[in-house]
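Q: The primary structure of each chain is shown beneath.
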Amino acid sequence: METIKLRKITSLWIITVLFLFIVNIVLGIIMRLNQGEILHEQPATFYAHMTTHGLTQIGIWFVAGMTGINYLMERYLKTSYLANVVAMVLTVTGILMLWTSTYIGNFHAGWTFLYPLPLKIMWAKWATPLFLGSILVMGVGWLTWSVSMMTQILKKYPLTKALAWQHFRKNPTIQTPPFILISMITLIGIITCLLGAVLLLAMYAAEYFSNGAFVNDALLMKNLTYFFGHTIANEMLYLGLAVIYELFPEVGGRPKWKATWYVALAWNCTLVFILTAFFHHLYMDFVQPVGFQIVGQIASYMASLPAAGVTVFSVLVAVYRTSIKWSLTNLLFFIGVAGWVIGGLGAVIDVTITNNFVLHNTLWVPAHFHTYNALGNVLFSLAFFHWFSIQFSEKTDFEKLTKLKLTLLLIGGIGFLLAFYIGGAESMPRRYSNYPAEFPMAAPLAIGAAVFATIYLAAILIFFFQISKRCLNILFSSSSH
Amino acid sequence: MQNSILILFLVLAGMSALVFTFVYLSSKKAGKDEQGIPNPLKTRFWFLLILFVILGIFASVTIPRSPYFLFADETPVRVIHVSAMQFAFLMSDKAIDPKNPVGEASIELPANKLVEFRVTSLDVNHGFAIYDQSNRLIAQTQAMPGYVNRLRWKFKEPGNYTILCLEYCGMAHQVMRASLTIK
Amino acid sequence: MFKHFIFIIIALSFFFTQLAGAQIASTGFEEENNIYEKVYDAKLNLNNGDNRTLTQLCASKPVILALIFTRCSGICNPFLVQLKENLQFKTDTDNFSVLVLSFDPRDTREDMVNLSKSLNLENNKQWLFATTGDIEKLNLSVGFNPVWDSIRSQYDHDALLVGINKEGYITKKLIGIRNKSDLELLIRSVNDVFSPSYRLPNKNRLFSCFNYNPETGKNTPGLGLLFLTLPAVITLLLLLGISYTVRHKRILI
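Chains as they are written, first to last, in the numbering used here: chain A, 1 to 481; chain B, 1001 to 1183; chain C, 2001 to 2253.
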């Protein structure tokens, strides 16, 4: 059903994402080497890297997930090519604006740009509006894409069917494909948090243009920031899961997974928990009412239940003592789910308020979110990229270097993440350009992390060359396969 | 505490890795006609229930020990006012005037007595994290402009404690620090 | 859909700029001084003839101390009237008493009796009126500095309320005529109820997420929280709106 146009833009997305990912890993390695005192950069430059790395990473893996579901969505319904192009143009524009603000304007307030830091100008004056503008531009692009996709789903499935509510009754007559259900739930969450971002930016704009007459409330701004930031980071993982539901059984040569009442229930619950879990970012702000803190802990715990109980369990059951066709795609999905679970364990430990009291803003935080990104979400998207790129290839040597790539990914990933976890347990603060003498272990750990990250980068480079080559073929081929 | 957290995490992560490896190997060895778990729905139910119970116990044990309830029914012997600003901490026995912020050169506090820190910020968000003599994070709160956070703590051992900023606050965030002497 | 959304944003931005004038710059940091210090144990000459010290008085019930002088032509009278009004409808009057203490050495017991009569509080057991000979030491211990203005023959002073718990520690201070909810926070503090944080006085509260209601000890949602739920509400409306508009175009499955 999918058109050549969609195939081409998907290829373009994949090449863009992988290219920016490589640049981003390099930024990460530079930061670790700076902390390891091998490189000696100005702190402001380090923080500019940090800001760029954070927002670019969020941006590319979000669009990677969207690309995946947009492509697979065509199996069920017609998606808007225009919205896809708009998102592409605005994302690239946004990324360029971001890089201009951080590298020419030296903006370095962090990608979470906690109010009122962006307004305390320590960089070129125009960099703040440009940075906030970059989020606005990307946000509008993604909002257009998400709203358009949601509209297309609703054109085919009535709202209650798209949310699979008919599965709560016995013997439903209509089946909602799990892919549609998860996409729908995730799109709702994405639209909500993007609207939160727009609101946040409006508040910034109000203060910025009022020349100090209007002052925002720091607590509200922090809540809004994490409502957006936490939720988007979480939802992009779920985009990857939608792809797993669609492709994992198919690639393994097994029957398609079906939506059942518990799948429907789990995903509907997830929507609610995801939107309230962000409170855990404010645990150490005692000004937040205690009730909300407790809701934060419980919602964060509960968010793990449907995910673990349904998705992880389904994947394990689908594999356990079942003869399936293993390929690079499947292996990446499978390892990705394991990485997601392990990162999730780190997260559950950190969302416990008593633990957060001694872990908040230490290296434990980047440890856990890098786990379910670098060894989870990235692998989901790589699996899709690989699967997509071999669809239209004449050759058959798709499994070339599979073992090497996976070994490099795992060794590099695990080593790099362990350095973060150990640093967190050693109380090392995150977001420090250089570590004070109190942490003699910090520099050697950072160097070790940089070495392992380089191994991880090697794997990504192989992926990049193999996948990009095939994608370029698709991009420049004149006719369909 | 952090060490036991790390060990707990490594054990859980190791167990998960083992389960995934085991499941993967079982698939590799499986014959064509093997059909996996006979009754996955029932197994799933038990799996979820156990997970739910474990998390429930975890929540009910840890929530009452949250920092918001620490030493709530005692009266502190000292109140230290903390005003964080880019890139320093001002600490004083007296309230700090935001228009003319001055802190004391050094702060000495008694060991094993309840002390309250009233933490606020004069500009952006900062963190107020107390590190003990072995440079382990023992307590923290955030410093938010316009609000005062009350952190109550009893220092067990005399000595020098370091305060670090744990919320990114700009280019000199990594050197923002202060210290306390406990006698 | 987008048009509506943009309209809302523009409308909201306009709303902000309209509200922008309502900012007050004062910080009220003086309230933070002397917290958890012992109040000076002044000897009191109470209207009822009792001669207890301040600490003895607190030991039976926590005290909210109001410092005034009877010849005041300024803030003292409205301050006490406001305090009385705020406390009028409180049902649980058992957990603290109000001590109106003169800081003017010229004030006599008679002056204080007259003051209590003028406020119709002479028979109210919760309200105590007193003078003391130790006023300077007491002033010092609570951080109160009245300045004599010889031209107007008046003291220049703050309207100060000091909360003192049963052990005689200062738990909270309020400067200026304040609203009921701040007063409730003071009452809770003298009864040693811990709240892990509070907002600094006189800051912009328009868009705060929560308004602490100390009467119930709960936070009621503020305008800010409404803002926090706004994205979810808009999404829901968007979802229902799209679902409604596309229902005719739906292809049957």
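For the record, the hints were derived by calculation from the structure and aren't laboratory data. Be aware that one or more of the hints could be misleading.
What the hints assert, rightly or not - Okay, derived cross-link-like pairs now, DSSO-like style, lysine-lysine, Cα gap no bigger than 30 Å in a straight line:
no., chain 1, residue 1, chain 2, residue 2
1, C, Lys2137, C, Lys2125
2, B, Lys1156, C, Lys2166
3, A, Lys258, B, Lys1029
4, C, Lys2125, C, Lys2166
5, B, Lys1099, B, Lys1156
6, C, Lys2084, C, Lys2043
7, B, Lys1028, A, Lys400
8, A, Lys120, B, Lys1154
9, B, Lys1028, A, Lys325
10, B, Lys1029, A, Lys403
11, B, Lys1113, C, Lys2038
All figures in this text were calculated on a predicted structure; none of them were measured in a lab.
Q: All hints, please: hold or fail.
A: Hints, one by one, checked against the model:
1. C/Lys2137 / C/Lys2125: Holds: C/Lys2137 and C/Lys2125 sit about 27 Å apart, inside 30 Å.
2. B/Lys1156 / C/Lys2166: 28 Å, holds
3. A/Lys258 / B/Lys1029: OK: A/Lys258 and B/Lys1029 at ~26 Å, within 30 Å.
4. C/Lys2125 / C/Lys2166: Answer holds: C/Lys2125 to C/Lys2166 is near 18 Å, not above 30 Å.
5. B/Lys1099 / B/Lys1156: Judged against 30 Å, a Cα distance of about 35 Å means the pair is violated.
6. C/Lys2084 / C/Lys2043: 25 Å, holds
7. B/Lys1028 / A/Lys400: Between B/Lys1028 and A/Lys400 the Cα gap is close to 20 Å, so the pair holds against 30 Å.
8. A/Lys120 / B/Lys1154: 35 Å, violated
9. B/Lys1028 / A/Lys325: Since the Cα atoms of B/Lys1028 and A/Lys325 sit roughly 9 Å apart, the hinted pair holds (cutoff 30 Å).
10. B/Lys1029 / A/Lys403: Roughly 19 Å between the alpha carbons, so the hint for B/Lys1029 and A/Lys403 holds.
11. B/Lys1113 / C/Lys2038: Given that 30 Å is the threshold and the Cα spacing comes to 16 Å, the pair holds.
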